[in-house]
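There are 4 protein chains.
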Amino acid sequence: MSKIAHDQYREGVAGRADVADTPELLSYYEELEKFETGALWTVANKIEPWQPKSASVPVLWRYRDLREHVLRSVALVTPEKAGRRVIYLNNPGRRDVSAAVGWLYSGLQVMHPGELASAHAHSASALRFIMEGRGAYTIVDGHKMTLGANDFVLTPNGTWHEHGVSDDGTPCIWQDGLDIPLVNAMEAGFYVVHPELNQAVTHPVDDSTATWAAPALRPHDGKWNKAYSPLFKYEWAPTYESLLRYAKVTDGSPFDGILMNYVNPLNGGPVMPTMGASMQLLRPGEHTQAHRHTGSFLYQVAKGSGFSVINGKRLDWYERDIFCVPSWAFHEHANASATEDACLFCFNDMPVMNALGLYREEALADNGGRQAVLA
Amino acid sequence: MSKIAHDQYREGVAGRADVADTPELLSYYEELEKFETGALWTVANKIEPWQPKSASVPVLWRYRDLREHVLRSVALVTPEKAGRRVIYLNNPGRRDVSAAVGWLYSGLQVMHPGELASAHAHSASALRFIMEGRGAYTIVDGHKMTLGANDFVLTPNGTWHEHGVSDDGTPCIWQDGLDIPLVNAMEAGFYVVHPELNQAVTHPVDDSTATWAAPALRPHDGKWNKAYSPLFKYEWAPTYESLLRYAKVTDGSPFDGILMNYVNPLNGGPVMPTMGASMQLLRPGEHTQAHRHTGSFLYQVAKGSGFSVINGKRLDWYERDIFCVPSWAFHEHANASATEDACLFCFNDMPVMNALGLYREEALADNGGRQAVLA
Amino acid sequence: MSKIAHDQYREGVAGRADVADTPELLSYYEELEKFETGALWTVANKIEPWQPKSASVPVLWRYRDLREHVLRSVALVTPEKAGRRVIYLNNPGRRDVSAAVGWLYSGLQVMHPGELASAHAHSASALRFIMEGRGAYTIVDGHKMTLGANDFVLTPNGTWHEHGVSDDGTPCIWQDGLDIPLVNAMEAGFYVVHPELNQAVTHPVDDSTATWAAPALRPHDGKWNKAYSPLFKYEWAPTYESLLRYAKVTDGSPFDGILMNYVNPLNGGPVMPTMGASMQLLRPGEHTQAHRHTGSFLYQVAKGSGFSVINGKRLDWYERDIFCVPSWAFHEHANASATEDACLFCFNDMPVMNALGLYREEALADNGGRQAVLA
Amino acid sequence: MSKIAHDQYREGVAGRADVADTPELLSYYEELEKFETGALWTVANKIEPWQPKSASVPVLWRYRDLREHVLRSVALVTPEKAGRRVIYLNNPGRRDVSAAVGWLYSGLQVMHPGELASAHAHSASALRFIMEGRGAYTIVDGHKMTLGANDFVLTPNGTWHEHGVSDDGTPCIWQDGLDIPLVNAMEAGFYVVHPELNQAVTHPVDDSTATWAAPALRPHDGKWNKAYSPLFKYEWAPTYESLLRYAKVTDGSPFDGILMNYVNPLNGGPVMPTMGASMQLLRPGEHTQAHRHTGSFLYQVAKGSGFSVINGKRLDWYERDIFCVPSWAFHEHANASATEDACLFCFNDMPVMNALGLYREEALADNGGRQAVLA
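Protein chains in written order, with this note's numbering: chain Z, 145 to 519; chain R, 145 to 519; chain X, 145 to 519; chain P, 145 to 519.
These are calculated hints, taken from the structure and not from any lab test.
None of the values given here were measured: they were computed from a predicted structure.
Among the hints, erroneous ones may be present.
You can't tell identical chains apart in this list, so a pair holds if it fits in one copy or across any two.
[To be verified] No more than 20 Å apart at the CA atoms, straight line, and that leaves these computed lysine to any residue pairs for SDA-like:
1. K190 to G156
2. K178 to D240
3. K147 to R239
4. K197 to A329
5. K190 to N369
6. K457 to R278
7. K225 to R208
8. K190 to G237
9. K147 to Y173
10. K367 to H347
11. K197 to V241
12. K147 to P257
13. K457 to D395
14. K370 to N498
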């Protein structure tokens, strides 16, 4: 048979496709192709796998490797020419879609004091997590937010937004997270540059946080009908304090230690319809059990040091390092310090998994819940 | 005609009932009564009024009047005999249902150090607002909460709950708020005494607040499927701080100044299905515009002094005073100080009004939005 | 002691109030009254009963008794003078609020061919269930609905509505159901007569049913943001057919046989925020088990005959009879025919019970789930 | 420069990336790759397009072309070996993921009388639309549904399901629709064969429809807590009748004529979290206006004949033909008959677009809303 084989996915299991090529069938397959069709049994086992096998691979991006390259971009390109001065994280398994993991994009952006990028809006949802520097700010639909290290800020789908660093600031670096690959995959990406290149600040500075970040209090006249959180900035100090406070009254999760999700204060749901985010505290000496679940996760070390084991691969991390956990990969986390806590910021596509009914989770049963680490 | 008149509600307006009694009609009415019926037109104008006229009257309960009587109850009755040592607020228009306003009950309770009331559960929902003393606590379904002045605590419908004051505390007074009259009116009141008279504390002290009061953060593993808030205690310090913070970025409401609702952190909704609560700050010198709306409201002065005008009646209030605003009564509030802010705690039946689709609101159009004060 | 006794509600049970009057206490109580207050323990056991005791009593309104009186009203009053020609059902325990049961009003209305009542709107929600006659119609916010026997139609809170009978019709009688007593109790009743006394029909006749009554199909462009159902008319033929169809695949409820709720097709919820409605089929010879629950229920016999036992009182009913089940009253239903089914229309305040978290239910454990019938 | 060009996506527009390659930059890019990173400005314009450009192309699959090939598969493979005897629709732009359009899979399946496929469950959601034959049935979690032409049936995510044709039936062909490509893209696909290869029928036949397809009536005891509709079968007769009934009271949509969505009767929402479905009627002679929107759509002609113009390409269709509309493609539909109506069944990923906040729509402004048809 000189024709292309169509039976490479056969499985000898009841209920699975197991059809061997024959000359007659190969002719039949050739005929089907003329009508833009095919025989399901030739691909069924391929497109209906027993369980997910992520295209993404576990990667650790060390800040000590990236920082100098990020800073060097300042000399190489202007914000005007580059649009954004960003070094993006390019997962070896996802280079075709420029993703850091799954359908999530991420990059490290740098701006110098006095710089201000142009405003735009897009269908992609975005978030930033501040890594270093003083004076950074973001403007979202006229709301200006001042930002410091470990602050977390949203620029949701469809909002006008722009970033800058004040004249009296220092060079600032932050991590961007976007669902660009997902939105492209969904064939739903739109992009608009602000007609005046920059927008006016139309509300008191940091009004979003002053209005919506109160603990279980809501403005009586607060009106909001968007699908994303009205709270755009989540500050580090109250976040860390909340973790410490919660840690005193809970045993925590066997898989994640002390884990809290950033939420939309109006409904307790995720901050945006496509991306969720969390901050997690590993207590001194804590080493969690391994589990795996659907969804793609990107972590930044906000505090401390330790390691994670992801599908048997050990990644040692330090403050500001970034690493990813692909879908259905076993993972466990450990705090390397016996005296200090460690904190991991994370963003992920859990809202997508939940909205589409695709979340599934499994604890590692073997070996006391700890993975064997690959050499 | 010797029979009872049936035409006392006639109105000479098109679309309204306007039937004069005749001997024939009176005989007819008499006949109808035999079958447990009546003629609608004899009562239509009564039962379908043009607008609400509350049975409740505006009342100011001065703490300086009540405090000594509340304290005196300690010598007069034991918690064992009294069940609860409470002086309740008895609106002159609602004595038949022992309500402070509308269908809301309220009272002032006192306990001495070392005292502990028995635990019970009931269909009524309850809340407490602490007025004075150290060492008060409440236990709700095994969660113990320590309480200080201006703390706000929930004991929702169906929960086991009990109150006490620790041995090293001081005499404590707080305001209770319940929907007992509403639940009775709905013919849905059940009451159970705890089989062991007191319940065990099964969670870390103040775990509810440590778990659920974080600003826009939610425990990843936090499970909750009740109709009421999982957060049972709302502390004064972060509440007051939130008001101050919000005041800096808002013009506030023309009718209420800086007004924030206590909410269920999971959904931004009211704390319980039948009662809502809020804390409100009147800025120095602020005197709000008058408006009226459906729903019954009971206020306690948490801080400062001032006055409110309710349906033309001026009530001058000081810290710890309590006053009510009946349904559809015009009301405006004023802070008497030009330098200090004033804070009003309030609980109300807004969740009922909203759930039943009965909320309606109207600003006072005349006189620049200020009522004429009755002599 | 010449003073009024305050200890008539004492109970010798731990956790309940049990304070005997003394001269000192009576003086104290007198003092409290001066400040519009009272001692909780004097009323606690009264206002916190162990379980509900409805003020309403079970009543059967026989259509053979009422029909002639309803028809006689035509000669006695004009629609112009009476507003509505209605004989209302006056529960002996609820005469103060003109209710048929609990907080629900109901009456029988009659109109002759060519008559048309004036349009109005009110905060009360209303429904109609057609008993006899041809040519009846209702107009709700410009939507005209033609009505036949056993059709069920809504005129929700705030809608302009009016009723009439076409020139070529016959005298029509229907049952009205409203939450007037509830809305008055909530002090939220508003009433407006239509400025032109009658409204225009602005949509195709019966468009509501053609648009929203499709089985599990919804207009793609159907917009709706009201708290009540967009479907205003529920026709008898498909309702009865649905019951028969469902009866073939279910065992039914031990307490209610084949019971289906009329719902808002957009959310599967109740037709209006304050009143729910259902149609129920008792199979030939069916005699249900007794249970009791909170909420007030008013039934009309849409088809067949049988009896119900309500708190031990047997009520024998025939087509068009109406009877009520008060809150927390045990009730069971029986179809008197061994060959024909029987159908009961019902409307109730279940949406209120559910929204306020006050629903509770209990099966009768004794006597095989059947009540002893009182002599 | 011998290195690979990195500046192929430059745009000379303010706010877009416009960086020309230089030797220094090319070295820098090379360096970045070592750390699994890249410079955003080299790909920004590619991954942030101005608007979506679907990878799918408009395709018409003619039933007269496919039918014989589908039938021929019966002789070529057994259900046991093939798992399913299905010819799938393979969009030329989506061959890598075996999709008919976007992330949606579809195929035509044939079964002979007496055949029964094995039961399985998977993370993918599935639906079937019956094209021809008598005796087809589907079993979902123990609920057996009998199926005729134009009936629509669900086999949601995670349910055990299997298809068969009764012994006294005729050869049956239906269209399958699944979100397999989407679930694979989300890396969330699981597949399980039923441990006993076939499941028992545990409920009365067609109980799902008898229970949940009533018009605006819901079983009082109906319990359901799944994310998908409890109604699994939507029958053709009442669907067509509903369209005819609705057509009498609406002008219809300028873009779609008379369009109704199949919904979850409990919440009016889509039938499954990832796929929606609709039936649409084009009135005699109707030719709609063109519009475009995000989301991928696959149509089957359930009745009549006509044509659609999709991004300028005219596709003439007859009963049982299938065609697709890719995301953001302009499309308009025309009924070729001046006397008969035409009906289009459609399934799509609108629930995904809506859940993720990615739906956007635009009418064609030019040429009276009609596209120029390409030669």
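Self-check item: Alpha-carbon proximity between K190 and G156, which holds within one copy, between copies, both or neither at 20 Å
Solution: within (14 Å within a copy, 43 Å between copies)
Quiz prompt | Intra- versus inter-copy proximity for G237 and K190 (alpha-carbon distance at most 20 Å) | solution = Both ways: K190 and G237 sit 18 Å apart in one copy and 19 Å across, limit 20 Å.
Practice problem: Since the copies are identical, ignore which copy is meant and state whether K190 and N369 lie within 20 Å (CA to CA) inside a copy, between copies, both or neither. | Solution: neither (42 Å within a copy, 32 Å between copies)
Quiz prompt | Intra- versus inter-copy proximity for V241 and K197 (alpha-carbon distance at most 20 Å) | solution = Classified as both; 17 Å inside a copy, 15 Å across copies.
Quiz prompt | 20 Å Cα threshold - placement of R208 relative to K225 | solution = Neither. Shortest intra-copy (27 Å) and inter-copy (55 Å) distances fail the 20 Å Cα cut-off.
Quiz item: How would you classify K370 and N498 at a CA-CA limit of 20 Å: within, between, both, or neither?
Solution: Classified as both: same-chain Cα gap 19 Å, cross-chain 13 Å, threshold 20 Å.
Quiz item: Given identical chains, is K197 near A329, meaning Cα to Cα at most 20 Å, within a copy, between copies, both, or neither?
Solution: Result: close both inside a copy and across copies, 18 Å intra and 10 Å inter.
Quiz item: Which holds for K178 with D240 at a C-alpha limit of 20 Å: within a copy, between copies, both or neither?
Solution: Classified as between; 17 Å across copies, 29 Å inside a copy.
Quiz item: 20 Å Cα cut-off: does K147 pair with R239 within a copy, between copies, both or neither?
Solution: For K147 and R239, only the inter-copy Cα distance (18 Å) is at most 20 Å; the intra-copy one is 32 Å.
Quiz item: How would you label the pair K367, H347 (within, between, both, or neither) given a Cα cut-off of 20 Å?
Solution: Within one copy only: 15 Å inside a chain, 33 Å across chains, cut-off 20 Å.
Quiz item: Can you tell me if K457 and R278 fall within 20 Å by alpha carbon in one copy, between copies, both or neither?
Solution: Result: close neither inside a copy nor across copies, 36 Å intra and 55 Å inter.
Quiz prompt | Up to 20 Å CA-CA - P257 versus K147, copy category | solution = neither (64 Å within a copy, 34 Å between copies)
The earlier numbered hints that this structure contradicts are 5, 6, 7, 12 and 13.
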